[in-house]
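Novice: Chains as they are written, first to last, in the working numbering: chain A, 1 to 344; chain B, 345 to 688; chain C, 689 to 1032.
One or more hints might be untrue.
Said to hold, decoys possible - List of simulated lysine-lysine pairs, DSS-like, C-alpha gap at most 30 Å: (1) LYS677/B to LYS320/A; (2) LYS664/B to LYS1028/C; (3) LYS380/B to LYS956/C; (4) LYS199/A to LYS745/C; (5) LYS517/B to LYS887/C; (6) LYS664/B to LYS326/A.
By construction, these hints were calculated from the structure, which means they are not laboratory data.
Predicted model, so just to flag it, every value in this text is computed and none were measured.
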Amino acid sequence: MTHAAYTIPLADIARHLDVAFSGDGNLPIRGLATLKDAKPDQVAFLANRAYLKDLVKTQAGAVLLHPEHSKSCPVPRLEMDNPYLGYAKLSQLFDPLAALDTPGVHPSAVVAKDATLGADVSIQANAVIASGAVLEDRVVVGPGSVVGADSHLGEATRLHANVTVCHGIVVGKRVILHSGCVIGGDGFGFAHDGAGWHKIAQLGGVILGDDVEVGSCSSIDRGALGDTVIGRDVKIDSQVQIAHNVQIGDHSALAGCVGIAGSTSVGKHCMLGGGVGLSGHLTLCDGVQVTGMSLVTNSIHEPGVYSSGTGAMNNRQWRKNAVRFKQLDEIAKRLSRLEKTAVK
Amino acid sequence: MTHAAYTIPLADIARHLDVAFSGDGNLPIRGLATLKDAKPDQVAFLANRAYLKDLVKTQAGAVLLHPEHSKSCPVPRLEMDNPYLGYAKLSQLFDPLAALDTPGVHPSAVVAKDATLGADVSIQANAVIASGAVLEDRVVVGPGSVVGADSHLGEATRLHANVTVCHGIVVGKRVILHSGCVIGGDGFGFAHDGAGWHKIAQLGGVILGDDVEVGSCSSIDRGALGDTVIGRDVKIDSQVQIAHNVQIGDHSALAGCVGIAGSTSVGKHCMLGGGVGLSGHLTLCDGVQVTGMSLVTNSIHEPGVYSSGTGAMNNRQWRKNAVRFKQLDEIAKRLSRLEKTAVK
Amino acid sequence: MTHAAYTIPLADIARHLDVAFSGDGNLPIRGLATLKDAKPDQVAFLANRAYLKDLVKTQAGAVLLHPEHSKSCPVPRLEMDNPYLGYAKLSQLFDPLAALDTPGVHPSAVVAKDATLGADVSIQANAVIASGAVLEDRVVVGPGSVVGADSHLGEATRLHANVTVCHGIVVGKRVILHSGCVIGGDGFGFAHDGAGWHKIAQLGGVILGDDVEVGSCSSIDRGALGDTVIGRDVKIDSQVQIAHNVQIGDHSALAGCVGIAGSTSVGKHCMLGGGVGLSGHLTLCDGVQVTGMSLVTNSIHEPGVYSSGTGAMNNRQWRKNAVRFKQLDEIAKRLSRLEKTAVK
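Pulled out of the complex, with its shape left as it was, chain A reads as follows (with noise of 0.2 Å):
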């Protein structure tokens, strides 16, 4: 557990999210918590109805609340309609990682002589910057991370530990790439010539739009031809895997240890289980959610949502079940021939 160096008074908090509040506007607040866990000096909030039974037990300095909720509450409470982002917007105010940074470029660093920086740049310890690279301003490189050439670097954009950029590469501004991904690396892409496999050199790029976040070790593969593009506001978890030339809309959410295979163009504001795989070449529409570890074959053309696979069960009893999966074309066709012995 992390926590921040310092404290807020209630009435600045209330401000930051412009909400009336309760209570002492004096009343120091350190970090937020849970109702359940929530002391004296913690924000917790209610955005399920769920844990209405812990509201009322708690100790939290005050709680974020929807109105209808207030009477419940036995402490100070700040009101508004969607809690839940209320909380997000607090947790920002009380993220350490920014007091992190140290400004400027580290002795250590490597930094091109042609690479362009803009103001207030933190380039950290042994990063690389490559030939023909532009970080606009206040963008942050963590240690270890490395910019390959000619790539670009949208205003306030953070790379964290040991991230690569690969060269020819475009992002946005406010995009985070968490430690271990890799933004650019080569498609998959080869010509059989009946005995063996001759490389197709990958000479598309990746774009990420603005506010776009990429999590811990996943990778985003350059395009073919053409490039990889990922929209705006699009969030990608960890462990996920994006090849050459796909295409994500806007405000699309990926889960998890997701693949989605080339060529394939999701829409805007889709979300993809954990573990979800796409087949190449697909087309989903906007709207369309995909639940945990289920794999699309066919392009989507409605909104709703989709699914494929079994939910797990018992050993012993999936094994009888996934035999009979084997026999259940048969099974179908001998139900019909007995319907039809029936009707006789």
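Once you've looked at the hints, dock chains B and C against the given chain A.
Specialist: Relative to chain A, chains B and C alone:
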């Protein structure tokens, strides 16, 4: 194949394992091999009856085995109730890795002035240790690895190359973190305001218990408010994703490519097969085993083996059955109707 | 999108491919594009009849195609039996990557005194080459990459940025290792003593054949006793996990997110789709194809295409069918009983 550059007399090996041996105690042993491949200067082991056929023909210098198989062994013996455990203990003696460590801080490493380094710490080339970090005695930080601000690494913990431990992380003793893994990247948390996403700063940390091992390119995300907690002696393979606020009980083992969604709690002595996915907010009790690539979407309250999915079959056969799966509810209903007819 | 900074006359391109061409041999070509997007200074290709509609309208400077389509081509032609192979060969000419390499050892790189460097080796910023490593002629080690003790990299092999090759690894010629991948991390091996785990030191290595390619963030674990062996011309995509002592035959291709458990042997010319999982200790013969996200738990002895799982469908429909899957064995038994009744 790597080799230790030394030999150990058979008698010393027996003493290390605290077991009796037959044959010449001066026999120099240079390493381990399978019964089939072992040369006269190597020790082999029999841990599975399926290899009894190799035992009778082995040319090993000595064999680790259960006393019940001594009569079938044509060469000197090291007798143990659990020969596989003996193999594990012996393997440590022949690991060339320890000999490769260079003690001290490599001149190219960057260590913050206020970091605390214990005795006999090894910080290798181009590693980075941030402000406030504490490394206990005999910690090894491999080349290119990064230890974030205020993180704590317990005694004899080893980070291989290009590992990232983010800020505010607590790592126990004798922990092994393999190359490319990331401990403490942000969890995947966002609030939606109806138009797009607002990031929830991930204010929790990660706690890794003593004797934890994390494989190459795996990621363990930091908690949103509280910590992500990995218990003692938990073994995590490569390419695993553990989301924020997950808890894993002591002695559990997770094979490659496992993904665990946020806030799920896994008990002690659990074993998750390769590619298993656990949905968020679940509880798995102690002693649960889940077979490879199963999806678990509900909590499990009874120890035992659980599975989902179907095994691979010929694609032509599979296509027919997979189509029938989409008709399964209808098939079941047709069967019920037919049963009613039959009763009449 | 990245671009080469030069042009190549059409006649030289034809000569490189050893094919005839029509039109003006002096036409300067600056790159490749699709039939639809190509400008008059770009070459396009027709490798799939589905794009014949684009051929007739193309504005490309020239088109690579099979002679049978020459009549439909409105612009100069480069005729080949396998235009896709031609595209692969041409793509190499326009890759800006080679021009980005800086020859020699960057001053920030750390190279052990007893490492052996061939002619024209490029060791880039903050790379680390450990004791006893051998780099043959024209090897490129990208920024932040680490080559462990006593490892051997064959002629013209390239490590992109932040790659880790652990100790005692043998890498062939012309191998490409993409950013973030790890070759030779420990395999996942432990013995249980009834209370907890004892690590089995992984004493084997990894052998990568000539012309192997490994994608971003993939991991190939070292063997427990013998080696993990990847054959010649094996192509491995991003986010792939290959466990200890796996063997992959020459010319096989593994798509993204594949996971292969320990000691499994895959034949030559096999193709594993994205997210495929293979259990441990299996044998797949030559020429096996497995479709995306299938789980293989038994050995396969016949070439052919194999699959498991079910395709995605609407969640409401899926829920009904998935519930029925849990009743499948019972459904089959009820059907059998009904058939017996019907016979009476």
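Novice: Look at each hint and say if it fits the structure.
Specialist: Hints versus structure:
no.: 1; hint: LYS677/B to LYS320/A; verdict: 20 Å, holds
no.: 2; hint: LYS664/B to LYS1028/C; verdict: 25 Å, holds
no.: 3; hint: LYS380/B to LYS956/C; verdict: 25 Å, holds
no.: 4; hint: LYS199/A to LYS745/C; verdict: 28 Å, holds
no.: 5; hint: LYS517/B to LYS887/C; verdict: 15 Å, holds
no.: 6; hint: LYS664/B to LYS326/A; verdict: 9 Å, holds
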